[in-house]
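Novice: Sequence:
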Amino acid sequence: MAVDLLFLLAPLNCAGRSASGESLSSCPFFFPDAAMASEKLVARKGRLRQRYDNEYRLVAGCVPYRVDKDGQLEVLMVSTANRDDLVFPKGGWEDDEDVYEAACREALEEAGVRGNINRNPLGLWVFRSKSRQSLGQSSDSPQGACKGHVFALEVTEELKQWPEQETHGRRWLSPADAYGLCRYDWMREALTALLDLCSTASSPIPVAAAVAVSTAAPELNEHSGMCISMMLMKPVDSADRAVALC
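Letter by letter, the sequence shown follows residues -21 to -1, 1 to 225 in mature numbering (1 follows the signal peptide of the UniProt record, and there is no 0).
Because the hints were derived from the structure by calculation, they are not lab data. Note that this is a predicted model, so its numbers are computed, not measured. The beta-carbon is built from N, C-alpha and C at its ideal position, and this holds for glycine as well. Mixed in with the good hints there might be a few duds.
As the list claims (entries may be wrong) - Have a look at the derived ranges for each label pair, beta carbon to beta carbon:
id, residue 1, residue 2, range
1, Asp49, Asp77, 34 to 42 Å
2, Arg28, Pro183, 38 to 46 Å
3, Asp74, Asp49, 14 to 22 Å
4, Trp151, Ser178, 16 to 24 Å
5, Leu27, Asn61, 21 to 29 Å
Using the sequences and the accompanying hints, generate a full structural model.
Specialist: In structure tokens, the structure reads:
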């Protein structure tokens, strides 16, 4: 069955509108029949096609969100294998896809959702591997570390079955509840950036409870998100680096 990879851009309430000049696009993994899609989709495995920036592994992720029946914003988090905490979908960016496709694919594989992605990233973060640090590797070393692009994803479809549902459950939460469950600084900063985006949209989405903000999202320019060399990265002290399995 042929699969269309590109679609016309649709406006978003929270992640921005085309009239505002923001670049938006639909996630490129589309099947006319959702049940057929979930049966045919298989998660990618291995790192043969993995992208790197010198010694940094490049990853892409997103903060999926929706508006509930009462008009309130909700965000989606997923569980992980062998851990009790919840995270936002993310994973390796491969060499046969752009960064937006990678973020959409991870959302589909881990959370079973599709939607419209905002091409202006919420930020770029460095993820530190706990396994590397447990082996005595310096936290300043790029070996075993990842650079991750994280985007806002307006969810328009939820699959009943998805490739990694045996290891990744999903849970919709209010922003306040999600903030309290964020294990890493990058997650709190990405969520804060999403809330900032919602509050400044032309049709702001109400949030049920305020979330305390102690850190600002990385500064972005008009070309942010196109490639890693074109992004402005917030300086990170080694003591404040995000620690995550990536």
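Novice: Now tell me if each hint is right for this structure.
Specialist: The hints, checked one at a time:
A hinted range of 34 to 42 Å for the beta carbons of Asp49 and Asp77 is consistent with their spacing of about 36 Å. Between Arg28 and Pro183 the beta carbon distance is about 39 Å. The supplied range of 38 to 46 Å therefore holds. Roughly 43 Å separates the CB atoms of Asp74 and Asp49, a value that falls outside the hinted 14 to 22 Å. With their beta carbons about 20 Å apart, Trp151 and Ser178 fall inside the hinted range of 16 to 24 Å.
With their beta carbons about 24 Å apart, Leu27 and Asn61 fall inside the hinted range of 21 to 29 Å.
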